[in-house]
Amino acid sequence: MQLTLLALILALLTVIGFMTGRSRAAASVGGRVAELHSVPSYHGVYVALWAGLPALLLFVAWTAAEGWLAMQLVLSSLPERLTTGDGQSVALLKADILNLARGIATGREPDPLVQDAARRYAGLRDLADWSLLAVGASLAVAGLAWGRHRIGPDLRARPAVERVVRVALIVCSMVAILTTVGIVLSLLFEALRFFTVVSPLDFLFGTHWSPQMAMRADQVGSSGSFGAIPLFAGTLLITVIAMLVAVPVGLMAAIYMSEYAGRGVRTWLKPALEILAGIPTVVYGFFAALTMAPFVRSVGEALGLDVSSESALAAGIVMGVMIIPFVSSLSDDVINAVPQSLRDGSYGLGATRSETIKQVVLPAALPGIVAAVMLAVSRAIGETMIVTMASGLTANMTANPLQAVTTVTTQIATLLVGDQEFDSPKTLSAFGLGLVLFLVTLCLNMVALRVVRTYREKYD
Amino acid sequence: MSITSGIPSPLKLRPRGDGRAEQRSSADLPAKMTARGVKVFYCAKQALKGIDLDIHENRVLALIGPSGCGKSTFLRCLNRMNDTVEGCRVEGRIALDGEDVYGKAVDAVQLRARVGMVFQKPNPFPKSIYDNIAYGPRIHGLASGRDELDEVVQTSLKRAGLWGEVKDRLREPGTSLSGGQQQRLCIARAIAVSPEVILMDEPCSALDPIATAHIEELIDELRANYTIVIVTHNMQQAARVSQRTAFFHLGEMVECDDTEEIFTNPRDERTQGYITGRYG
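Going line by line, the protein sequences match chains A and B.
Letter by letter, the first sequence follows residues 1 to 460 of my numbering.
Letter by letter, the second sequence follows residues 461 to 740 of my numbering.
No wet-lab data here; the hints were simulated from the structure.
Among the hints, a few may not be true.
Said to hold, decoys possible - Derived Cβ-Cβ restraints for the label pairs, each shown as a range:
(1) B:Gly-624 x A:Asp-333: 37 to 43 Å
(2) B:Lys-505 x A:Ser-173: 47 to 53 Å
(3) A:Ile-275 x B:Arg-606: 46 to 52 Å
(4) B:Gly-624 x A:Ser-173: 52 to 58 Å
(5) B:Arg-496 x A:Ile-279: 39 to 45 Å
(6) B:Ala-673 x A:Gly-262: 56 to 62 Å
(7) A:Leu-366 x B:Lys-564: 49 to 55 Å
(8) A:Leu-366 x B:His-693: 54 to 60 Å
(9) A:Pro-339 x B:Thr-736: 34 to 40 Å
(10) A:Pro-339 x B:Arg-727: 49 to 55 Å
(11) A:Gly-262 x B:Arg-496: 29 to 35 Å
(12) A:Pro-339 x B:Arg-549: 24 to 30 Å
Backbone N, C-alpha and C fix where the C-beta goes; we use that ideal spot for every residue, glycine too.
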């Protein structure tokens with residue numbers, strides 16, 4: 001309640017600050033705005049920032065520290081027999097206090113001491129919120145007054161505002177980076193927990209994947225085996241099939257679009273191809289499971305081959321189709337970036353169009369095409385849905401595309417679906433797989449970006 | 461690939477100009493290429509308004525004129541490079557050795573093997589120096605076997621005056637050369653397919669004065685074996701390298717005469733205005 005009120009007060013003061021700043025700046029030079037160092041709206045923003053920013057920073061710091069501080073105060077007043085013990089019992093005590101303070105039943109008869117502590121905790125929080133409201137509001141008013149006081153013809157309001165804007169921009173870019181770092185760290189720590197149970201060597205080089213763990217001591221046949229090689233092999237197999245479909249088709253389409261198609265054809269063909277990229281992968285999954293897999297199976301049977309109803313081939317082909325627009329669109333851009341002067345040079349020597357494409361345009365565009373293919377590969381490796389739906393969950397180690405295989409991403413999805421205990425190696429193995437996947441795609445993307453960069457340096 | 465159908469092989473021996481011919485006015489020489497009533501349209505816009513011009517064998521013809529006057533357009537008609545430009549239409553007749561180059565029997569690809577081109581900006585392929593030169597002979601099957609190809613590459617580089625500078629680094633990329641060397645590489649590349657006519661579109665405009673002097677010397681030497689048409693903005697260059705000069709203005713050819721005549725005694729007022737620097 002107090003915090004909502006504070007937010008409203010801050011918003012109001014900021015708007016007031018902007019208005020007064022602007023009008024006061026104009027008034028300070030008697031309406032001759034050209035005499036100001038900065039235009040009046042910068043003065044307005046300047047005052048608004050003084051009103052809003054310090055109070056906002058205080059608000060953020062206060063709310064971050066408040067809960068922790070109140071908890072420490074409450075805990076220090078409790079007798080030692082409650083607060084000493086292992087980490088788990090202290091965490092439990094804290095949870096109890098928090099729940100009681102919020103009026104949530106803990107499910108067991110609470111210790112009167114704890115009940116008392118919870119009451120004090122709630123009181124402290126309430127007090128802190130009210131004082132935050134008071135301090136925050138007065139800080140905002142003081143900031144407003146100070147900002148307003150500074151306004152005059154010589155105030156360099158624009159540089160000051162721009163400095164603040166620059167800091168804001170930096171903060172925004174840091175958010176993206178820090179989120180990535182956070183994700184990587186959480187992945188890393190869970191993976192490390194997994195690797196304390198299962199040796200990394202067994203994980204990376206084991207050839208048997210069967211993540212079922214025994215729930216009871218007498219359960220049969222569920223010892224848990226975490227050799228991830230079959231998953232890597234399955235991923236590789238499906239990726240290779242997908243690339244065998246996507247690279248030739250995508251590249252040829254790109255060559256047609258950039259070198260042969262007239263402007264009219266190109267304007268509708270390229271967006272049409274890119275529609276393929278907009279289809280949700282789940283829909284591709286339907287197509288793979290309900291159309292492509294039976295088709296592959298019936299063709300295989302007609303040829304006298306033994307095809308399982310869920311095959312790597314079906315999943316790989318559909319995944320390849322999904323990636324075609326990716327390859328074609330990127331390659332098309334790269335081929336278009338090859339300077340016309342190179343083509344002219346080749347035509348001027350009496351080369352035909354196809355000779356020019358094969359011997360001049362494609363070699364010049366090769367680095368970019370390689371980068372496009374690599375980005376497509378990392379896309380294929382990360383794809384989950386199509387494989388889940390069309391190629392099954394059996395961790396076969398096979399190079400036969402007609403059998404069912406499973407991939408790293410599919411296993412991660414299955415391992416984490418439903419209710420899971422987060423201390424069993426079965427669940428934790430998903431993080432191990434995720435880490436490997438992340439490292440592989442990271443490397444691919446880095447190499448691809450490096451290649452693209454060197455390519456750009458060459459022609460721009 | 462066959463290059464003999466319809467037009468004579470570029471490998472066939474051709475009559476070469478001899479020293480005495482230079483004493484006469486070039487207008488008396490046989491015309492290697494002739495243009496009659498050439499009009500060019502880019503979509504609806506007319507770029508050339510009926511050009512009549514003779515290009516004489518073993519002579520250098522310079523095309524001069526202010527920017528946008530159509531001289532590059534005319535040059536690109538001679539080997540049908542305008543075919544690659546969308547919306548471009550050519551009317552009139554251009555003949556090479558009496559045969560209409562826009563005729564049905566003529567393949568633009570084969571024509572360009574006989575009428576080579578050097579561009580404004582050096583545009584070596586992203587290949588080695590050797591492969592840059594060998595590109596043309598390879599696609600036209602002009603050399604059978606490694607030794608013959610080596611021979612062609614060496615001869616072309618020597619003719620372009622580049623052999624001494626690159627003979628130890630034939631495997632390095634063509635783009636590693638300096639601008640002037642790159643342009644001579646492009647000339648060598650054009651020579652390697654043994655064209656009869658070489659078209660040069662402002663070949664020195666991206667080069668420094670020393671590199672320009674090299675290329676100009678080279679053009680003068682090449683004249684013994686090839687017919688050359690050069691587009692230039694540089695009047696001194698036209699005066700130095702060409703025997704005949706044509707002045708273009710607003711899509712028309714104003715006059716064409718021996719270079720000395722044009723620069724000392726122009727008949728048209730516009731020509732005089734341009735060469736004396738009054739406009740352009």
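How the hints compare with the structure:
no. : hint                              : result
1   : B:Gly-624 x A:Asp-333: 37 to 43 Å : 41 Å, holds
2   : B:Lys-505 x A:Ser-173: 47 to 53 Å : 48 Å, holds
3   : A:Ile-275 x B:Arg-606: 46 to 52 Å : 50 Å, holds
4   : B:Gly-624 x A:Ser-173: 52 to 58 Å : 54 Å, holds
5   : B:Arg-496 x A:Ile-279: 39 to 45 Å : 58 Å, violated
6   : B:Ala-673 x A:Gly-262: 56 to 62 Å : 44 Å, violated
7   : A:Leu-366 x B:Lys-564: 49 to 55 Å : 38 Å, violated
8   : A:Leu-366 x B:His-693: 54 to 60 Å : 36 Å, violated
9   : A:Pro-339 x B:Thr-736: 34 to 40 Å : 37 Å, holds
10  : A:Pro-339 x B:Arg-727: 49 to 55 Å : 41 Å, violated
11  : A:Gly-262 x B:Arg-496: 29 to 35 Å : 31 Å, holds
12  : A:Pro-339 x B:Arg-549: 24 to 30 Å : 25 Å, holds
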